[in-house]
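Colleague: Can you build the whole structure from these sequences, using the hints too?
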Amino acid sequence: MPFIPHTEEELRQMLETIGVAAIDDLFDEIPAALRARSLEGIGPGLSEMEISRLMQEKARQDGQPLCFIGAGAYDHHVPAAVWEIATRGEFYTAYTPYQAEASQGTLQLLYEYQTMMAELMAMEVSNASLYDGASALAEAVLMAVRANRGSKSKRVLIPRSVHPAYRATVRTIVRNQGIELEELPYDAGSGHTDLEALEGHAGEDFAALIVPQPNFFGVLEPADPMAEVAAANGWLTIALVNPLAMALLKPPGEWGGAGADIACGDGQPLGAPLSSGGPYFGFLCTRQKLVRQMPGRLVGRTRDLEGREGFTLTLQAREQHIRRSKATSNICTNQGLMVTAATLHMALLGAEGLARTAAACHANLGRLVEKLTALEGIEPRFAGPAFHESVLKLPMEVAGVLRTLAAHNILGGYDLQRDYPELENCLLVCATESRTDEDLEKYAVNLERVLASRRQGACATMVRFDL
Amino acid sequence: MPFIPHTEEELRQMLETIGVAAIDDLFDEIPAALRARSLEGIGPGLSEMEISRLMQEKARQDGQPLCFIGAGAYDHHVPAAVWEIATRGEFYTAYTPYQAEASQGTLQLLYEYQTMMAELMAMEVSNASLYDGASALAEAVLMAVRANRGSKSKRVLIPRSVHPAYRATVRTIVRNQGIELEELPYDAGSGHTDLEALEGHAGEDFAALIVPQPNFFGVLEPADPMAEVAAANGWLTIALVNPLAMALLKPPGEWGGAGADIACGDGQPLGAPLSSGGPYFGFLCTRQKLVRQMPGRLVGRTRDLEGREGFTLTLQAREQHIRRSKATSNICTNQGLMVTAATLHMALLGAEGLARTAAACHANLGRLVEKLTALEGIEPRFAGPAFHESVLKLPMEVAGVLRTLAAHNILGGYDLQRDYPELENCLLVCATESRTDEDLEKYAVNLERVLASRRQGACATMVRFDL
Amino acid sequence: MLIFQHSRPGRRARAQAPKEKAGLDAIPEQFLRRSRPRLPEVSELQAVRHYTRLSQKNFSIDTQFYPLGSCTMKYNPRGANRLAMLPGFLARHPLAPESHSQGFLSAMHELQEILAKVTGMAAVSLAPMAGAQGEFAGVAMIRAYHQARGDGGRTEILVPDAAHGTNPASAVMCGYRVREIPTLAEGDVDLEALRRALGPQTAGIMLTNPSTLGVFERHIATIAEMVHEAGGLLYYDGANLNAILGRVRPGDMGFDVIHVNLHKTFSTPHGGGGPGAGPVGVGERLAPYLPVPLVDFDGHDYRLLTEKERPESIGRLSAFAGNAGVLLRAYVYAKMLGAEGMRRVADYSTLNANYLMKRLRAAGFTPAYPSRRATHEFIITLKQEAKELGVNAMDFAKRLLDLGMHAPTTYFPLLVPECFLIEPTETEAKETLDAFVEAMVRIREEAREAPEKVKGAPWTLPVRRLDDVRAAREPDLKWEPPA
Amino acid sequence: MLIFQHSRPGRRARAQAPKEKAGLDAIPEQFLRRSRPRLPEVSELQAVRHYTRLSQKNFSIDTQFYPLGSCTMKYNPRGANRLAMLPGFLARHPLAPESHSQGFLSAMHELQEILAKVTGMAAVSLAPMAGAQGEFAGVAMIRAYHQARGDGGRTEILVPDAAHGTNPASAVMCGYRVREIPTLAEGDVDLEALRRALGPQTAGIMLTNPSTLGVFERHIATIAEMVHEAGGLLYYDGANLNAILGRVRPGDMGFDVIHVNLHKTFSTPHGGGGPGAGPVGVGERLAPYLPVPLVDFDGHDYRLLTEKERPESIGRLSAFAGNAGVLLRAYVYAKMLGAEGMRRVADYSTLNANYLMKRLRAAGFTPAYPSRRATHEFIITLKQEAKELGVNAMDFAKRLLDLGMHAPTTYFPLLVPECFLIEPTETEAKETLDAFVEAMVRIREEAREAPEKVKGAPWTLPVRRLDDVRAAREPDLKWEPPA
Ligand SMILES: Cc1ncc(COP(=O)(O)O)c(C=O)c1O
Ligand SMILES: Cc1ncc(COP(=O)(O)O)c(C=O)c1O
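Line order of the protein sequences matches chains A, S, R and C.
If you count by my numbering, then the first sequence holds residues 1 to 467, one letter each, in order.
If you count by my numbering, then the second sequence holds residues 1 to 467, one letter each, in order.
If you count by my numbering, then the third sequence holds residues 1 to 483, one letter each, in order.
If you count by my numbering, then the fourth sequence holds residues 1 to 483, one letter each, in order.
To be clear, the hints were calculated from the coordinates, so they are not data collected in a lab.
What you are looking at is a predicted structure, and each value in this text was computed from that prediction instead of being measured.
Check each hint, because a few of them may be wrong.
As the list claims (entries may be wrong) - The calculated lysine-lysine pairs, modelled on DSS-like cross-linking and capped at a C-alpha distance of 25 Å, are: (1) A:LYS442 <-> A:LYS371; (2) R:LYS57 <-> R:LYS455; (3) A:LYS371 <-> R:LYS19; (4) R:LYS19 <-> A:LYS442; (5) R:LYS453 <-> R:LYS57; (6) C:LYS19 <-> S:LYS371; (7) A:LYS152 <-> A:LYS326; (8) R:LYS57 <-> C:LYS57; (9) S:LYS442 <-> S:LYS371; (10) R:LYS455 <-> R:LYS383; (11) S:LYS152 <-> S:LYS289; (12) R:LYS387 <-> R:LYS453; (13) C:LYS19 <-> S:LYS442; (14) C:LYS455 <-> C:LYS383; (15) C:LYS387 <-> C:LYS455.
Modeller: Have a look at this one:
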C-alpha cells in the first residue's frame, strides 16, 4: 500500500464511524455483476528502489546519441535553475489557480509569462498555454474561423512548408467542424511558399492564412508580403513561429503593415527538454480586440479588498467550465509546469541571451552545412536564407545513411522523403548552440565514411570505424 | 562576469557615491608590490552549457560498475524525496542558524534529527553533526579524555578491527595532544576483538575503550562483555557503529550493564549517496551528564516571548566562537545538509524501514557469501557472526582478481592485505539491499571465470567473456 | 514585485548564454527584428530568488491539504519525477530511430497494456495530452465509427446536466450538437428523459461514473443497454477513475471508449495547471480509429505506428507522441502500485470520502445526496448556512484558506446550490480529515459570532479577496512599463 | 508540530523499504536489538509536507538578502549542484579503482591546480572538510615542519585578538598554547606587541587578511618578515579570500600555508550549517606534510597518493578523501568563473561593501574603521544608537528580519562593541544594498518613535524572540513523548 497512511487501527475507527463492517461495504451500490475480479496481468507493486533500477536501465538502453535532428524539437541548453525551481513542490503539486488568493505564485508567474510571450511576439496578449505547437495551430485555425467576422468561409490556407505533423494534427482537430485546409505549394528553388500561388488566391474567401517562420525546411518565409496579401483579402494572418527565433527575426506583430492577427507555436525551445516529444507547450498570442475569441486561460492583474495588486484568472466566460458547449475550446488542464519553466528560462536568458542562443544556432548550422556540403555529392537543396535548420541533398537515399550513422551513435537528421516524395534524397539537419565544433566535425567525418562505404556497396552496418 | 548583477551605469553611480574613479582605487591600501598580476594558467570562464558538457563527460567516463565494495561506504537506496527536499533553496542556501527566528526550519529539523539519532543509539543526547565517521571517532577520543574525570590517562584502547582509515584519522587528529592509542588484536579465528587481550589490560589506566559494531570485517564484536570490562576498569566506552545496523542490532545505550558513554560513527548509510566518499556526516551521542564535554552544535527547544515553542542553538559555551581556545572542539561549519537528508531519510524509512533495509543487506550478504564460497577454493575467513560485510579467503592474490573483475565492470570488494598483511588473499565483500539476485549471480559467474582463467595462468585481461 | 521591476538595462545572467554573437550576415535585413523584446534583464540570483519566493505564495499538495473535488490532488511521488527526469530520458529526441528508443518505447508499451487491463478495454492510445483532448479523441472515434458504417445521421451527443464542462465542449469540437439529460434527486441519470432523448440522431453519450455528483450511477448497465440499442456508443470520462480503480472496470460497465486522466488517477503532478495526459482506451469496435502514434511490439522490437500503418486512425493529436514525460511518471506510479496497490487506491479514497462525509454530516452539514454512499468524493451544500448565516460557499472556501487548507471545488456541479465538491484522496491521513471537520465547524461558529471574519477572508494570505469583476471589466493581461 | 507528532504506530512510507524481511537466524539473540527505536512512523506525503513546510520557515540566499559577515553568503549556482549530482558522480564508490575514477580524479586534480594558482601556493590538498579542519591541518603541518627540523621548543601560536574562534581552537587541538596579539585603532595588528610576543617559542601566527575587522592588514609584508625572522611560519585563514581573489595572492604576501573555505569564496552551498570544504595550500617547505590523499597525475593517469607515497604527511583527516561532492561544486564554480571571473569576484564584492559602507555612513551610522577602505566586508558599531536610543545591535538585527533581510553577523569580532559585520557579496544588486540602507534608517526612526517595535522584534516570523537562557538552563535536546 504505497502512499496510503492508514493504520489498521484507524481503518477500524473509520469504518466504525461510517457504520460499515468493511471497505467492501462502501461499494455496495455498485451492481455485483460489475465488480472487477483481480487485475490479472498487472504484476505486484515495485518499491521505489526496484523501479529506479528498472528505469535507469531503460534510460541507459537508449544511449545518448549525438543528435542533429530538429524538425520541431530542439536540443537547447536549459539553465539548471529552471527545473530545480519548476519542480519545487509549490509549483509542481499545485493545480489550476482557482483559489486565487492561495495561488498568487502561479498566477503572478503566468502574468509575467503572458507579458514575456506577448513581447517576444510583439503582440498585445498571450494566453497561459495550450497543449503543444501543433494543437495550438489547430486552435488558432478554429479561432480565426470564429473571429473573422468579415468572412463566411471555413477555409484556411496552409503552406506545405508547414511541419507535416502539424498539418496532420490540424486536420484531425478541425476536420469535424467542416473546416477545409487548402494547401499552398512551396517554391522548388527557394523552399519558401510560392508567392505567385498565394496571390493566385486573391479575391477568394478564406478565413485565414497560416505563415510559418522559419518553415519546416528552416527556410525563411516572405512573411511581410504574405501578411499583406492576407490583409488585402480580408484573411486573418496566423503566424506559426519558433519563439527562440523571434529573439532575432521579425516578430509576427510587425509583419506586413498591420502585423499578424494570431501568433502561435511550440514553446519547447524555451526551457523544455527534448524528453521524447513532450511535455512541451503551445502558445497563442493575439490582438486585444480578439481576446474574447481566444482559447485557453488568461490571468489578469487586479486589486484586493485593500487595494493591493493581485492576480486572478479572468475572462473565464470563454472557457468550458463556464460556457460549456459554447466555449472557445474544450481545453481545461493545460501545460502549466512547462510555462513555469519557460518563464524562468526567459527570465534567465533575457532578450540578449535568447538572441545570442539563436545566433549561435544559426552559426552552428552554417558551419555544419559548410562542412557537410564540402563532402562529395552533398549540396544545399534550397537557395532561400535558412535559420536553425537546413535541407541538404545527398547523393543517395537518406534512410540508409541515417541508419548507418545511428549505428555509430549519430542521429543525422530527418529524412524529408517520408513526407515530401518530391524531395528525393533530402535530409533536414539541425545544429543547436549545444553542438560543439568537435560534434560537427565528428558528424562530417562519419558521414563521409558512410557515404564512401555505401557507394562501394559495402554492407555499411558491418563496417568498423576507427573513431 | 557570471553571477554579478551590476550594469555599467550602476558601477558608475556606485563609484561616484564612494568617491573613487575606478574599482582599482578600492584596493589602494594594498601595497602595490603585492598585487597579483593575471592568473596565469587558469583558463577563461565556461558557460553553464560548456561546463555541463564537460561534467557529463567526466561522469560518464567513470562508468557505472556493479559495486560490491563496502568498507565504510554503502550503496543504499535513498528515497527521491530526500534530495528533492534537501536541495530546496531554503535548506541548501541557508547557513548556521545564528538568527534563530529566521531559521526555525533548520533548527526544528536538527532537533528532530537529534531525537532520532539518540533513539537509534538508545543514548540520551545527540549533537547536530561532525564531519565524518572517522573524525567523529577522533572527537570522541578527545572528548573521552576530557570527560573521564576518574582517569589521568591520555591512553585509549582501539581494536585493530576498527576501519584502518579511521584509525589513521584518529591518529592524525589526536597525536598532537599527546594522546596514545593502544591497539587491541583481533582473534584470528572469529575476527572479533580478542577478549583475553582486552582483559589483559584490566587494572591499567585508560581513558576509554573503543568498540566497533560491526567491525571492519563485518564481524560482530562482543560489545556487552567489552563494555563491561571498560566499566569495571573506569574506562569510558566509545561505541563506533553503523547507524543502519542499529535498527537491528543492540544499540550502544544498551551495551553491558550501563551502556556505552559515547556513540559515534558515520551517518552515510542514512541518506548520503556514495559520492566518492563525501560529503557524509559524523554523528556523536552521549549521556546527558557528559553533554558539556560534547563537541559540535546542539539545538534546544525553548519558548518565545509569547510562550510558543521554538528552537535555538544552545550550550554554545562549549563552542569555539564563544570559548575560543578553551572550546571542546574547533568545529564550526559542520555537515548540516547531510543531516537534513538523514532526517528526511529516517522519517521516510522509519524504524521498520531501516530494520528491513538492514535485514535485506544481511540476507543479500548471506546469499552472496553462499554463492561465492560455493566456488572452488573460496572460503569464509572468520567464524564469527557477520553483518553487512564478510571476509572471504581466495585461492590467490586478491589485487589481480579485483583488477580483472573491474575490467568487466564489477568492483569485487576490498583487498584486506593492504592493511592487514596477515590476512593474505583476503577479500572484504559487501552486498547491500540494492544488489539484486542477478547482480549476485553475475558476480559469482564472473568470479568463477576469473579464478579459472588466472589459475590457468592466462593473461586475464585478454580473456573475453560472452556475458 | 514583478520580475520586470527587477530588470535593469544591461543586467544579465551571464553564465546562461553562449559566448560570442556569431555573424548573422547571411540573413537579409528585412527578416530581422528591429528592437529587442522587453524581457526582464536580471541576474541569475535575482531570477532564482524571485521565483523561489513566488512559489512560496502557492498552496500545493506538498504543503497543504488540497481536497479539490474532481481533481484528485493526491501525493505525487517524488520518485516518479526523478526517474522521468533521468538524463537519458530528457535527452531523447522524439524522432530518434527505433535503435535508440527501445527503453522508452518498452515503458510506453507496458503502460498501454496496464491501462487497457485496468479499464477493461481492448486497446489504448497514449496520444491525448489531457482529459479534454482524450474526450475529443474519444468522440472523434465515435464519429469515425458511425461514418465508416455510413451512419451519417447521428448528430447528437448526450451529456448529463452534471457533466464537466469539457464534455459538451469536446462534443461540439467534434461537430456534434449536445443534448443535456437531467439528473434525478438521488443523483442518478433520469432514465425516462434518457429514453426520450435517444434516437437515430444519437451518436453517443458521455458519462463519468462515479458522476461528478460523487455518486455511483447505479443503472449504468441499463443505460448502456439503452444507448447501444439506439445505435449509440458510450463514452467514459475517466476523471473519476480513482474511485473504482481495480474495483470496477469501465469496459465491464459497457463503455465503448474511455479516457484516463493520468494526472489524477495515476498521480502525475498537476503543475499549476498541467501538463496532464489523457490516454484513450477503446473496445474492439473502435480500435481501428485510435489516435496515432501507438506503440507496437512484434515480440522483439518496439516501434511507433503512425497513419501509415493505421489508415483508419482519427489521426494525430500533437506534433509527436503526446506528453511523454507525463506518461513516464504515470508508468512509474503504476509499477509502484501494482495490481494490489491499484485496488487500494479505490478502497482508501472511498473510505476517506465516506468517513469525511459522515463526520461532516454528524457535525451538522448537509450532504447533497444523503441517501447515497460517497465515492472518492462527495458534495455538501451550504445552502442552509447561506440562508441562515449569510455566509456562502465562497466565504467558507476563503476562510478555509486562512486555516491552512485548500478549499474544495466550489459551485460545481452547477446543479447543486452553494456546493462544495470534496475529494480527500487516499493519501491523506485520518487526522487531516478530522482537522478539516474542525475547521468547517469553526468557520460556522465564526459565521454566527463574527461573520465579517468569514466574509472578509482570507486574512493571512499574500492578498485579501481579489476583485474579479475589475479583472474582467478592465483586463490587464500584460505588464507595461510606467510611462 | 514535530514530525513525531504526525507519527502513528504502524504507519509507513511503504514504497521506500525493501519488501520481505529476510531471515536473521544467523545472528545470535544477544546481538539483537530488543525494541524498535522510536523513529517517526509517517506516510511519504506526511514527510514531504512536513519538511517542505519546515523549509519555508528559513531565511536563505535563495529567498533573502543575507549579508552575514565572514560567511560570504553569495549566490550558489544551481548548475553546480545539478552537475555534482549527476548519477555517475553520486554512484562512484570512494574506493573504486583508478580504472573507474579518471573522470572524477581529473576534476579534483584540476581543482588542486586552480587553488594553488589562485593562492600562490606550491601545492594543495583537498582533504580538509571545512575551514576549521583546514586550520587544524595547516597548524599540524607547521608543527610537523618544526619537529622534522628538531625544533621542538616552539610551543606557541600567535593569533590576533580579532581572529575567528576557530583559529585559537585549532591551534590548541594541535597541542599549542595560544597568545593573543592586540589590534590597533585603525584595525592593523600591533607590530610592537607582535615583536614582543615573538621568540624561540613561536611556532607561527594565524592571520586572515583582510582581517575579520573588514580591513586589509597593511603591514603584512613586515609581519611576514618578523615572523619568519623569529623562525615561525605564517598561516593564512582563507575565510576572507573572496575579498582578494585574483587581486592579491596569500603566497605573495609571505604566507606559508593557507586554507580556503570553498563554501565561501567558491560558492558551494552552506546547507544550513555545512558541509563545506577547506583545502589547504602550502609553499614548498611544507609540501611534504600535506594531508592525504592527494591527487597525482603522471601525464597519463590520475591516482590518489596516500601515506605510502607520502610518508611525511600529517596523515588523513577523514575516512576517504574529504567532502568530494562539495569539491565538485567548487570545481564547477571555478571553471565557470575562469581567471577573469575570479578577479571580478574581488572587484565587485569590494565595490558593494564600500558602497554600502559609504551610504550607511552618509545616513548617520558609524563605521568601526572610518579611515579605512572596506574590503569585501566592513563593520559598523551601533554603540551610539544603543546609548542614545536604548536599542542595541541585537534589536536592529531582529527588526531587520521583519523587514525581510537576514541580519549581518552581530557581536563579532568581539573587540568592537554593538557591532554589525556586514558582507554584501558581489552577487547582490545595487537596489538590494539601497534597500538595506533604507531598512536601517527606518529601524532607527522606529527606535526613536516606537522603540518597542524594535525591541520586541521580530513580529512577522514563525516565532517571536526566543528565550536562549531557558534553552541553556533547562536543556531540552531530545523530544520525549508525553507521558
Ligand atoms: C469530470 C472531469 N472531466 C473532464 C476533465 C477534463 O480533464 P483535463 O483537465 O485533463 O482536460 C476534468 C478535469 O479537469 C474533470 O474533472
Ligand atoms: C574568519 C573565519 N575563519 C575560519 C572560519 C572557519 O571555517 P569553517 O566554518 O569552514 O570551519 C570561519 C567561518 O566560519 C571564518 O569566518
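Colleague: State for each hint whether it applies.
Modeller: Verification of the hints:
1. Between A:LYS442 and A:LYS371 the CA atoms are separated by roughly 10 Å; this keeps the pair inside 25 Å, and the hint holds.
2. At roughly 22 Å between alpha-carbon atoms, R:LYS57 and R:LYS455 fall within 25 Å of each other, so this suggested pair holds.
3. The straight-line distance between the Cα atoms of A:LYS371 and R:LYS19 is roughly 22 Å, inside the 25 Å bound, and the hint therefore holds.
4. Straight-line distance between C-alpha atoms of R:LYS19 and A:LYS442 comes to about 22 Å, which keeps the hinted pair within the 25 Å bound.
5. With a C-alpha separation of about 22 Å, the suggested pair R:LYS453 and R:LYS57 falls inside the 25 Å cut-off, and the hint holds.
6. Of the pairs offered as hints, the one joining C:LYS19 and S:LYS371 holds, with about 22 Å between alpha carbons and a cut-off of 25 Å not exceeded.
7. For the hint linking A:LYS152 to A:LYS326, the alpha-carbon distance of about 19 Å falls within 25 Å, and the restraint holds.
8. The hinted pair formed by R:LYS57 and C:LYS57 meets the criterion: a straight-line CA distance of about 13 Å does not exceed 25 Å.
9. Distance hint between S:LYS442 and S:LYS371 is fulfilled; the C-alpha atoms sit about 10 Å from each other, no more than 25 Å.
10. Straight-line distance between C-alpha atoms of R:LYS455 and R:LYS383 comes to about 16 Å, which keeps the hinted pair within the 25 Å bound.
11. Of the pairs offered as hints, the one joining S:LYS152 and S:LYS289 holds, with about 19 Å between alpha carbons and a cut-off of 25 Å not exceeded.
12. Only pairs whose Cα atoms come within 25 Å are accepted, and R:LYS387 paired with R:LYS453 is accepted, the gap being roughly 17 Å.
13. Straight-line distance between C-alpha atoms of C:LYS19 and S:LYS442 comes to about 22 Å, which keeps the hinted pair within the 25 Å bound.
14. Restraint check for C:LYS455 and C:LYS383: the C-alpha separation of about 16 Å stays at or below 25 Å, so the hint holds.
15. For the proposed pair C:LYS387 and C:LYS455, the alpha carbon gap of about 14 Å is at most 25 Å, so the pair holds.
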